[in-house]
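Under my numbering, the residues of the sequence shown are numbered 1 to 145, in order.
Be careful, since some hints might not be right.
As the list claims (entries may be wrong) - Once the Cα atoms are required to be at most 25 Å apart in a straight line, the calculated SDA-like pairs of lysine to any residue come out as:
id : residue 1 : residue 2
1  : K40       : F19
2  : K15       : Q100
3  : K15       : Y29
4  : K40       : L140
5  : K15       : P102
6  : K40       : N12
7  : K121      : M4
8  : K40       : Y29
9  : K40       : R64
10 : K40       : S84
11 : K40       : L51
12 : K15       : Y39
13 : K15       : D33
14 : K15       : T87
15 : K127      : P60
16 : K121      : F109
17 : K121      : V54
18 : K121      : A37
19 : K127      : P27
20 : K127      : I53
21 : K40       : K121
22 : K15       : P27
23 : K15       : A37
24 : K40       : I110
25 : K127      : A37
26 : K121      : A137
27 : K121      : F19
28 : K127      : M4
29 : K15       : L140
30 : K40       : A18
Stated by the list, open to error - What follows is a list of derived Cβ distance ranges for each label pair:
id : residue 1 : residue 2 : range
31 : V56       : F109      : 24 to 30 Å
32 : L35       : V56       : 24 to 30 Å
33 : L116      : F16       : 15 to 21 Å
34 : W98       : A61       : 46 to 52 Å
35 : V103      : L35       : 32 to 38 Å
To be clear, the hints were calculated from the coordinates, so they are not data collected in a lab.
The C-beta atom is built at its ideal place from N, Cα and C for all residues, glycine as well.
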Amino acid sequence: MPYMLPVLDSVNYSKFLAFYAPQFFNPVYAALDPLLAVYKSSPFINLAIYLLIVWVGRQPALSRFVRFNFQQAIILDIALVIPSILTSILREQAAPVWVQEPVANTLFFILSASLLYVSAKLALGEKPNEIPLVSEAAELTSGPF
Numbered sequence: 001m002p003y004m005l006p007v008l009d010s011v012n013y014s015k016f017l018a019f020y021a022p023q024f025f026n027p028v029y030a031a032l033d034p035l036l037a038v039y040k041s042s043p044f045i046n047l048a049i050y051l052l053i054v055w056v057g058r059q060p061a062l063s064r065f066v067r068f069n070f071q072q073a074i075i076l077d078i079a080l081v082i083p084s085i086l087t088s089i090l091r092e093q094a095a096p097v098w099v100q101e102p103v104a105n106t107l108f109f110i111l112s113a114s115l116l117y118v119s120a121k122l123a124l125g126e127k128p129n130e131i132p133l134v135s136e137a138a139e140l141t142s143g144p145f
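Required output: the full structure, derived from the provided sequences and hints.
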């Protein structure tokens, strides 16, 4: 559940790929549309969801495994902040599509690979702690207890 936050934030980066493969992305968008409608209905909803995930991820009553996953989802979402600033600058400067497209596609592929890795590890009942930099930061922030 906490990984839905980076999923919803990464949808913006899939627009160029969706143009080339609508048969794949249209069903995905259809599944995410209700969540995206709520998520984007107010600028404060994403902040509220983020704060809720942070709060839940800090609860000592939860197992370290659960807290680690909450923290990793938060860090993946935070990792999207810098690229979102970069892409908004590219849009404002009217950068050509040949510059915007590879940036957006790369970001989408990196986040998708990370989320697929996490999903596979969780399905196997293992800790998804091998995402470079992100997993290390999640280990540090999930606490010693």
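Worksheet item: Looking at the structure, which of the earlier hints fail to hold?
Response: 4, 9, 18, 19, 21, 25, 27, 29, 32 and 35
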